[in-house]
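K.L.:
Residue-level listing of the chains:
Number of protein chains: 2
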Amino acid sequence: MLDNYNLTMLTDFYEVTMANGYFQSDIRNHEAVFDMFFRRVPDDGGFAIMAGVEQLIAYMKNLKFTDEDIDYLRSKNSFSEEFLEYLRNFKFTCDVWAVPEGTPIFPHEPIVIVKGPIIQAQFVETFILLTINHQTLIATKSNRIVRAAQGRPVMEFGTRRAQGASAAIDGARASYIAGCAGTACTIADRDFHVPALGTMAHSWVQTFDTEYEAFREYTRIYPDNAVLLIDTYNVLKSGLPNAIKVFKELKPKKMGVRIDSGDIAYLTKRCRKILDENGLEECSIVISNSLDEYLIRDVIMEGAQIDSFGVGERLITSKSEPVFGGVYKLAAVERNGEMVPKMKISENVDKITNPGFKHVYRLYEKESNKAIADVITMEGETIPEQDGYEIFDPNAIWKKKTLKNFYVRSLLVQLFDKGECVYESPSLDEIRQYCKDQIETLWEETLRFENPQTYYVDLSKKLWSIKQDILHRYTDL
Amino acid sequence: MLDNYNLTMLTDFYEVTMANGYFQSDIRNHEAVFDMFFRRVPDDGGFAIMAGVEQLIAYMKNLKFTDEDIDYLRSKNSFSEEFLEYLRNFKFTCDVWAVPEGTPIFPHEPIVIVKGPIIQAQFVETFILLTINHQTLIATKSNRIVRAAQGRPVMEFGTRRAQGASAAIDGARASYIAGCAGTACTIADRDFHVPALGTMAHSWVQTFDTEYEAFREYTRIYPDNAVLLIDTYNVLKSGLPNAIKVFKELKPKKMGVRIDSGDIAYLTKRCRKILDENGLEECSIVISNSLDEYLIRDVIMEGAQIDSFGVGERLITSKSEPVFGGVYKLAAVERNGEMVPKMKISENVDKITNPGFKHVYRLYEKESNKAIADVITMEGETIPEQDGYEIFDPNAIWKKKTLKNFYVRSLLVQLFDKGECVYESPSLDEIRQYCKDQIETLWEETLRFENPQTYYVDLSKKLWSIKQDILHRYTDL
Numbered sequence: 001m002l003d004n005y006n007l008t009m010l011t012d013f014y015e016v017t018m019a020n021g022y023f024q025s026d027i028r029n030h031e032a033v034f035d036m037f038f039r040r041v042p043d044d045g046g047f048a049i050m051a052g053v054e055q056l057i058a059y060m061k062n063l064k065f066t067d068e069d070i071d072y073l074r075s076k077n078s079f080s081e082e083f084l085e086y087l088r089n090f091k092f093t094c095d096v097w098a099v100p101e102g103t104p105i106f107p108h109e110p111i112v113i114v115k116g117p118i119i120q121a122q123f124v125e126t127f128i129l130l131t132i133n134h135q136t137l138i139a140t141k142s143n144r145i146v147r148a149a150q151g152r153p154v155m156e157f158g159t160r161r162a163q164g165a166s167a168a169i170d171g172a173r174a175s176y177i178a179g180c181a182g183t184a185c186t187i188a189d190r191d192f193h194v195p196a197l198g199t200m201a202h203s204w205v206q207t208f209d210t211e212y213e214a215f216r217e218y219t220r221i222y223p224d225n226a227v228l229l230i231d232t233y234n235v236l237k238s239g240l241p242n243a244i245k246v247f248k249e250l251k252p253k254k255m256g257v258r259i260d261s262g263d264i265a266y267l268t269k270r271c272r273k274i275l276d277e278n279g280l281e282e283c284s285i286v287i288s289n290s291l292d293e294y295l296i297r298d299v300i301m302e303g304a305q306i307d308s309f310g311v312g313e314r315l316i317t318s319k320s321e322p323v324f325g326g327v328y329k330l331a332a333v334e335r336n337g338e339m340v341p342k343m344k345i346s347e348n349v350d351k352i353t354n355p356g357f358k359h360v361y362r363l364y365e366k367e368s369n370k371a372i373a374d375v376i377t378m379e380g381e382t383i384p385e386q387d388g389y390e391i392f393d394p395n396a397i398w399k400k401k402t403l404k405n406f407y408v409r410s411l412l413v414q415l416f417d418k419g420e421c422v423y424e425s426p427s428l429d430e431i432r433q434y435c436k437d438q439i440e441t442l443w444e445e446t447l448r449f450e451n452p453q454t455y456y457v458d459l460s461k462k463l464w465s466i467k468q469d470i471l472h473r474y475t476d477l
Numbered sequence: 001m002l003d004n005y006n007l008t009m010l011t012d013f014y015e016v017t018m019a020n021g022y023f024q025s026d027i028r029n030h031e032a033v034f035d036m037f038f039r040r041v042p043d044d045g046g047f048a049i050m051a052g053v054e055q056l057i058a059y060m061k062n063l064k065f066t067d068e069d070i071d072y073l074r075s076k077n078s079f080s081e082e083f084l085e086y087l088r089n090f091k092f093t094c095d096v097w098a099v100p101e102g103t104p105i106f107p108h109e110p111i112v113i114v115k116g117p118i119i120q121a122q123f124v125e126t127f128i129l130l131t132i133n134h135q136t137l138i139a140t141k142s143n144r145i146v147r148a149a150q151g152r153p154v155m156e157f158g159t160r161r162a163q164g165a166s167a168a169i170d171g172a173r174a175s176y177i178a179g180c181a182g183t184a185c186t187i188a189d190r191d192f193h194v195p196a197l198g199t200m201a202h203s204w205v206q207t208f209d210t211e212y213e214a215f216r217e218y219t220r221i222y223p224d225n226a227v228l229l230i231d232t233y234n235v236l237k238s239g240l241p242n243a244i245k246v247f248k249e250l251k252p253k254k255m256g257v258r259i260d261s262g263d264i265a266y267l268t269k270r271c272r273k274i275l276d277e278n279g280l281e282e283c284s285i286v287i288s289n290s291l292d293e294y295l296i297r298d299v300i301m302e303g304a305q306i307d308s309f310g311v312g313e314r315l316i317t318s319k320s321e322p323v324f325g326g327v328y329k330l331a332a333v334e335r336n337g338e339m340v341p342k343m344k345i346s347e348n349v350d351k352i353t354n355p356g357f358k359h360v361y362r363l364y365e366k367e368s369n370k371a372i373a374d375v376i377t378m379e380g381e382t383i384p385e386q387d388g389y390e391i392f393d394p395n396a397i398w399k400k401k402t403l404k405n406f407y408v409r410s411l412l413v414q415l416f417d418k419g420e421c422v423y424e425s426p427s428l429d430e431i432r433q434y435c436k437d438q439i440e441t442l443w444e445e446t447l448r449f450e451n452p453q454t455y456y457v458d459l460s461k462k463l464w465s466i467k468q469d470i471l472h473r474y475t476d477l
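Keeping their order, the protein sequence lines are chains A and B.
For the first sequence, full-length UniProt numbering assigns the number 1 to the initial residue and increments by one for each residue that follows.
For the second sequence, full-length UniProt numbering assigns the number 1 to the initial residue and increments by one for each residue that follows.
Okay, chain A solo, but in the shape it has when bound:
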């Protein structure tokens, strides 16, 4: 939706301060490489799902400082006129790579790489993080919920509890990528073709003098798909009997009942039995009450009779963990015409970054098509698809594994070449299918909700050596 809205100024103020700073310094025309990566999967899951790339592309295509922007920046009394003039003529000229949307991603590997003049490569930090962190968070959470439903359709119903307009719209988009069947968010259907649906609120039922009348009116108007909300008064004493009466009288083509409160397992089992006894086996049962992956898993285990789920606030805000902590770190910087690898060193080993201009590959087992490991390499390195390639745990290098019968795929695609967009996003349905296919390349152990197997993300020998060199030089200081 915001594709045509210029979000150039949706940036942390320090990006502008630094841009002006670089502009005023000797290194203003130097190149730099930045990586976006993350350190932890939300909800302690085994993987995340990349999303938000299409919006990132739109942002970069639209990068432009308007006269209004320049006037505003001038009013801050912090920036030189030469710099403001530079912004007025700003042209994005970076190279950008990203992991395609719908791909399972793992901690510490680069999921976006930007290479270009340092002013530019730094400036785009905020929006890259904003869009990828948000949509990846929602896609990751949605996929957990979809998997918990074991094939039953899950609808995204969270618009009213989303954190603002873009959270609702882009969240619906991300949830669809990750396997949701549709959304309640109408504008997400209009703009992204995420199938929108919805039938009635409690207020519909209350507006009419009786529940029966409310159901009858609705079914008369929507004979092709009458899903009736049966918990306004009392599910078993009132809602269900009235719905059955109307279904028998009006015989809609498709019919369903929705329950939005009460004990899901008990009510759905009772409803299913009564519906079946009345010959309404084709009537579906939809549930929509504060659901998440754990509750869905539990009620299915309890034998709840549910045909589809509507999931609201716990999906659209990723309530149990509402932050995806992606970061954007300097990986290399130009010195005398060469790219010098840079890394952030921390007492906390987990916070040490991987230096240099890099690439990432995913290795698959030929026989099963299952993903074996990801390997981060220096740019330009390739991984030979022949028996005997050795991977090792970068934090415990005696843990080695020699691979046979595998093939290699690049995990990154190029989005921009010197500022020109060279990538066309697949359709949302293509991304969704790709996501489903890619998740099938993961082992069951990685899919587990709790305490999943850690997937290997290894370093090439060359990258590992460069990293060790820098670490030793640093600790020698």
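None of these hints come from the bench; they were simulated from the model.
One thing to keep in mind: the hints can contain errors.
Copies of the same chain are indistinguishable here, so a pair counts whether it falls within one copy or spans any two.
No farther apart than 20 Å at their CA atoms in a straight line, the calculated lysine to aspartate or glutamate pairs in the DMTMM-like style are these [as the list claims (entries may be wrong)]:
| id | residue 1 | residue 2 |
| --- | --- | --- |
| 1 | K467 | D71 |
| 2 | K64 | D95 |
| 3 | K366 | E440 |
| 4 | K342 | D26 |
| 5 | K319 | D292 |
| 6 | K366 | D43 |
| 7 | K404 | D429 |
| 8 | K319 | D44 |
Use these hints to put chain B onto chain A, whose structure you have.
P.N.:
Leaving out everything else, chain B in the frame of chain A:
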């Protein structure tokens, strides 16, 4: 920012389905009254802070179905051509009231009331909830954090972890209303005049060959306000000594150091001591590492030496509780020219709504100007400002209190009169000041973070009687 973007279609699909349903039914021209209210304060706090009204007004002013919208809706094969023609000529004609932004609000009282043709009053549900739920959530959380800081400025630094673009921008707005001193979000400054600031990232420090050089360059370029990030390598061994050296050499007008990692209490105490020993008493210390109200309270108690806080993800997502559960319920509906009160009855007493077309007043003690109670009345009722007015707990009516020496203020303002906007939002600075003043009318006991005193929200005798009547009629069924 979205003021000029038509968000009419940012609505749950069932609003459209119901609109078409009402349109096809006998009651299509009937009026209805809906209330927005909430049941629980996030983080178990004592009050929430109303926010998001300005965006609600913009939405209602811009309500309009474009040809694109109509074409999209037609493609769903669910709506009659007459209804689509109605949408094409749609004109918003409702009356709307809301609690002004910045006001402390409490569970169960109406914070938005919409009265008008049922199709319209129903249709606006989704956006009302979306914008008020989101901004109220962030304002409420931000105010907790601001209060924890005990007068020290709190900056909103969360853009990169916000749930999408509007969450970043509108979130910065809401946090400013609630007392934050500013934001990192540049566009929120340009569009809403929330003061934006920011200085440097770790990448600035890493880009230069040495930390000293990075600090010196920055201070040379920004001599008016040099805040240096001192934790890229090692705060005490490297960052602080280099900053002090540069400050002494270049003598910037204002200076500060920012620490983004490590133990806050220990590091800030050490830094303060060393800065003071070097005659840099005026150098401020800024902290910005995964902060929230609890951590801020604790480090202040530990004697941390902090001049201001930058707070990120835990504020901009209200991480500890990322959902504000406002709901929008039918309160009355026209029958034979009269408004008939409606209520949702539930086994769960807390979920029973207040029926009818209502109003809300806040009663203040004359002497202290402290708020005593809110009273929900039927529309048209007034509360006499004379000694002897009796309030009572609607859930335990023997708990009574007779008020003396008090005055009464209406809590709601009218936003729209028959679809015409009749309210002009105050400036954001005015709202912020109003918020501060209103919070001073609350007793300390209500402000407490944990287990605060429950503020009285009572019903007028008339409203209470109407509610009892409906309840008894219902249970007599």
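K.L.:
Each hint: holds or not?
P.N.:
How the hints compare with the structure:
Taking the shortest alpha-carbon separations for K467 and D71, neither the intra-copy value of 44 Å nor the inter-copy value of 57 Å comes in at or below 20 Å. When the C-alpha separation of K64 and D95 is checked against a cutoff of 20 Å, the pair qualifies only within one copy, where the shortest distance is 17 Å, while the shortest distance between copies is 41 Å. In this assembly of identical chains, K366 and E440 lie within 20 Å of each other by CA distance solely inside one copy; the values are 14 Å within and 69 Å between copies. When the C-alpha separation of K342 and D26 is checked against a cutoff of 20 Å, the pair qualifies only within one copy, where the shortest distance is 19 Å, while the shortest distance between copies is 71 Å.
In this homomeric assembly, K319 and D292 come within 20 Å of each other (Cα to Cα) both inside a single copy, at 9 Å, and across copies, at 17 Å. For a Cα distance limit of 20 Å, the shortest separation of K366 from D43 qualifies neither inside one copy, at 31 Å, nor across copies, at 51 Å. For the identical chains of this complex, K404 and D429 are neighbours neither inside a copy (34 Å) nor across copies (66 Å), given an alpha-carbon limit of 20 Å. Taking identical chains as interchangeable, the C-alpha atoms of K319 and D44 lie at most 20 Å apart whether they share a chain (14 Å) or sit on different chains (16 Å).
In the structure shown, a violation is registered for the earlier hints numbered 1, 6 and 7, in ascending order.
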